[in-house]
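**Q** Generate the whole structure from the sequences, applying the supplied hints.
Residue numbers (numbering that gives the first Met the number 0): 0 to 254.
Careful, some of the hints might be misleading.
Below, simulated SDA-like cross-link-like pairs (lysine to any residue); rule was C-alpha separation at most 25 Å, straight line [to be verified]:
no.	residue 1	residue 2
1	Lys232	Leu35
2	Lys28	Ala105
3	Lys60	Asp189
I should point out that these hints are in silico values taken from the structure, not numbers from a laboratory.
Keep in mind it's a predicted model, so treat the numbers as computed, not measured.
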Amino acid sequence: MSVAHAAPTVPENLTWTGGSEPLKASYGKLMMWFFLLSDTFTFSALLVTYGMIRFSQPAWKGSPSDFYFSTQHWPIPEKVFEAVPFLHGISLPLVFVGIMTFILIASSVTMVLAVEAGHRGDRKDVEKWMLWTIVGGFTFLGSQAWEWGHFIHGPEDLSLAAKQLVDGVMTPIEGANLVRNPYGPPAFADLFFFITGFHGTHVFSGVILNILIFFNAATGVYERRGHYEMVEKVGLYWHFVDLVWVFVFTFFYLV
0 MSVAHAAPTV PENLTWTGGS EPLKASYGKL MMWFFLLSDT FTFSALLVTY
50 GMIRFSQPAW KGSPSDFYFS TQHWPIPEKV FEAVPFLHGI SLPLVFVGIM
100 TFILIASSVT MVLAVEAGHR GDRKDVEKWM LWTIVGGFTF LGSQAWEWGH
150 FIHGPEDLSL AAKQLVDGVM TPIEGANLVR NPYGPPAFAD LFFFITGFHG
200 THVFSGVILN ILIFFNAATG VYERRGHYEM VEKVGLYWHF VDLVWVFVFT
250 FFYLV
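**A** As structure tokens, then:
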């Protein structure tokens, strides 16, 4: 004759009710962290690839003052990115990209202020700081578009451009694309377009999300919900984009 065994009882304080939040993180914030982790792997792979290709290519061995563009050695970033809008013909190495970096970091500060305002439930301050974050994002994208345009155009003085053999004659390379590069090896242009373009796509996506958050805040959506958690979730994404740019800046413009 079989004997029925009672199921073991579990103390009530050890059961999960489904409403608990691990580490005080809601489901939405947890999923955002998972997404950012996966995106971290993608950017890490791109930057590691850049590093491997960069150090597999010959480097310039002379002094920076004697540097010249050639497909035979990797270019010095200060010689490539030295132009600034409205200051034609003046060499200001990395000044413009430094300004771009400052703008993006400043937009991260305004996003922090928007999140803080959301915690206080201050709708007007959320709108104000989200608007400034959007302005910062668009300014960065406009600056990057100018930099791309300048890079694609190539050096103003063609005599400074790298040269390639055309019909037995060494001819200056005009304009940069995915096939040729007047600043050096074609891989330099390929990596520049892909890595900065991939990051720029993230910034553009972040700006669109920020616009949606601003619209919802302005129409009182979060006020009716009783919390501004969406501002915090999008803020995590925006801070991630800013942090990634610091690494892109370091790898591409300083190394």
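**Q** A separate judgement is required for each hint: does it hold in the structure or not?
**A** For each hint, the structure was consulted:
no. : hint           : verdict
1   : Lys232 / Leu35 : 11 Å, holds
2   : Lys28 / Ala105 : 23 Å, holds
3   : Lys60 / Asp189 : 23 Å, holds
Going down the numbered hints, you'll see the structure goes against none, and every one checks out.
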